[in-house]
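Trainee: One letter stands for each residue in the lines below.
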Amino acid sequence: MSGASPTPAGTPAPTPPPAGGIRGAVRAVGGWLEDRTGLVSMLAPIMTHRVPRSATWWYVFGSATLMFFSLQVVTGILLATLYAPSASNAWQNLVYIDTQVPYGWMLRALHGWSSNAMVVMMLLHMGQVFLHATYKFPREMTWIVGVFLCLLTLALAFTGQVLRWDQDAYWGVGIGAAIADRIPLVGNQVRALLLGGPIISGETLSRFFALHVFVLPGLTIALVGFHLMLVLRHGISEMPKVGEPVDPATYREAYEARVHKTGVPFWPDAAQRDLVFCGLALLSLVAIALIMGPIGPGGFPDPTDIETNPRPDLPFLWIFGLVSLIPPASETIVMLVAPGVLILGLVLLPLISNGGERAPSRRPFMVLGVVLAATALGILTWEGATSPWSPVMDAWSASPTPVKYVKDRSPFELQGAVVLQNAQCRNCHSLGGEGGVRGPALDDVATRLSYDQLVRQIQQGDGNMPAFGKSLTAAETEAVARFLLTMHPANERTSDPPGALLPIPPQQAERP
Amino acid sequence: MSDASPSTPCGGCGGCGGDAASGGGRRRFLYKVGLGLMGAGSVAAAAPIIAAAMGPAITEYPEQWVDLGDVSQFPAGETRYATFMNPWTAPTDGLTSKTGCWVRHVAGSSSAATAPVAGDFQVFAVNCAHLGCPVRWFPQSRLFMCPCHGGVYYEDGSRASGPPPRGLFPYPVKVEGGHLWIDAGRLPGLEEAP
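Each protein sequence line maps, in turn, to chains F and U. If you count the first sequence from 1, position 74 lands on 111 in our numbering, and the numbers rise without skipping. If you count the second sequence from 1, position 11 lands on 303 in our numbering, and the numbers rise without skipping.
It should be emphasised that the hints constitute simulated quantities derived from the structure, not laboratory data. Nothing false has been slipped in among the hints.
Residues from chain U shown here face chain F by an in silico Cβ test under 7 Å; the list is partial:
| # | residue |
| --- | --- |
| 1 | 348 |
| 2 | 375 |
| 3 | 380 |
| 4 | 386 |
| 5 | 425 |
| 6 | 428 |
| 7 | 432 |
| 8 | 433 |
| 9 | 440 |
| 10 | 442 |
| 11 | 477 |
| 12 | 482 |
No experiment lies behind these values; they were computed from the predicted model shown. C-beta: ideal position from N, C-alpha, C; glycine also.
Let the sequences and hints guide you as you build the complete structure.
Mentor: Given below as structure tokens:
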């Protein structure tokens with residue numbers, strides 16, 4: 038039961054009590070407004086509808102998500118009055134907003150950080166609902182609408198990132214286009230629709246603007262309204278209790294009876310916790326926005342400036358990490374099929390399991406699922422942020438060979454150190470903790486590989502290492518291998534058996 | 293609000309107060325005419341709207357030959373960065389219609405005496421075959437490296453390591469009037485010839 042269907046005919050027009058002065062005038066105007074609109078009698082039952090006494094601090098994340106979304110709408114409208122969705126000057130326009138418009142930078146900071154906060158609160162809300170199995174009867178549709186709100190939130194975050202129109206935005210759209218391109222049969226068409234043409238261009242920005250400012254917010258507002266309507270219709274769920282399973286046949290009556298008996302009005306009894314939490318969250322957000330400032334814009338979006346390391350925004354770092362770490366052969370399936378399966382699973386969840394125990398202690402596998410999902414998200418986000426698989430593009434020229442590794446080395450070995458540096462080996466292999474970590478560190482490589490194995494590895498490559506047989510001469514390869522052979526702790530033996538390495542023959546050492 | 297009762301089988305507004313025998317027939321006729329007109333109007337309006345929305349997907353963007361400049365800018369044995377303006381541009385494109393590419397003049401492919409021909413060149417899109425990030429050329433190790441997910445390619449564009457499912461995307465090349473031309477105009481994708 039909703040309790041939210043007041044009948045205007047049922048409420049008699051209140052007669053204003055005779056009173057004088059300002060107070061009386063206000064009361065008269067208020068009485069007139071209420072008589073003609075019935076707003077108070079319509080909203081009061083909604084605000085004061087009874088909710089379970091057991092509604093606790095767990096329940097505040099949905100309100101916080103809504104609050105941050107409202108903030109997004111307000112700051113977004115103001116930003117839309119300042120922004121120009123044109124690829125030729127969007128970037129300059131953001132710099133203008135940051136530096137010239139009064140409080141423009143704060144507007145952008147609030148919008149950017151509130152976006153991250155909204156995603157975080159939404160995930161916490163979703164996790165709580167999942168853990169407490171609130172999605173079970175009769176709240177299946179509330180959950181399903183919530184799944185689509187989750188997708189809309191992520192879509193808003195991605196399209197918003199594109200509007201920043203910096204290098205990260207430009208290449209981020211490129212990654213989206215490359216993923217769309219992998220769709221069988223219609224990949225090309227989908228990509229063209231995404232980009233609005235054959236390349237990432239002005240029309241790409243325009244359509245992301247239309248999505249971010251009209252389509253997605255409109256859908257979100259509609260679905261949030263629907264979501265709230267369903268929350269009112271079915272009432273706020275109680276905290277799960279062991280031994281009180283949901284039985285669709287009797288749940289409604291039992292819930293109504295309990296709430297009627299022990300429930301409290303939503304406003305102000307239950308809402309006070311939401312107020313406290315939302316207030317703290319809002320204050321924290323303003324503090325973060327003040328301290329961190331606006332997000333971007335990063336580098337100027339010149340596609341020919343390729344000295345760039347594109348990275349997505351926080352909500353998508355985990356995807357960035359995922360597509361780097363999974364086996365390449367599984368990529369297309371993971372990128373195209375897995376999201377569909379995941380979304381379908383979330384939508385079907387309450388339809389498959391709409392009764393039974395709600396207590397987390399009786400649903401250990403669901404708890405395990407939440408723990409696994411949270412761990413995976415956390416680790417992948419961390420990996421995406423640090424991206425250890427990426428070559429450190431300037432390590433070969435910016436990170437010198439540690440002095441201890443060139444002390445007491447023969448001229449031939451020193452030549453090998455030079456080749457190692459110049460052949461960009463350091464971009465993927467670290468020495469003394471500096472350089473890429475895509476390949477193993479070379480500080481003690483001699484304890485793992487023999488001379489012959491080193492030469493073979495350099496020339497032919499292996500696994501993830503390119504072959505250098507064509508780019509290094511035999512002498513260069515030999516010099517690098519000789520240098521690497523000195524890379525072992527002083528007291529540790531190398532993997533070459535003693536005496537296996539003959540001294541360098543003079544004719545080889547002199548080879549250019 | 294409609295208050296249709298069994299006495300008005302037309303299921304209409306109920307405002308006429310008549311039954312099917314008297315006013316109902318005319319109203320049903322109007323209802324049908326209304327439905328038909330609204331349907332026709334919707335189709336007439338929807339056709340251009342859908343066509344406009346699907347525009348990018350159904351428009352052909354044939355590739356066009358783009359001049360990369362004099363072949364002498366690309367010495368034999370070297371791989372150099374070149375930029376060009378995409379042939380398909382719109383008024384608001386700004387810098388985004390600028391495009392980069394890697395031009396490789398294969399070493400020893402033609403003698404110094406003869407002018408280089410198309411077969412001496414390989415021109416690669418700057419986009420990594422994995423997810424489109426811009427690859428950089430390292431002449432010392434003769435490798436292309438991608439900053440995003442660590443894709444690495446050999447100097448001939450073939451995949452060396454990392455997640456890319458294939459080698460770099462090559463542009464069709466021709467040499468005409470002493471200039472190097474490539475057939476370009478769209479973001480390269482997996483459907484490109486290897």
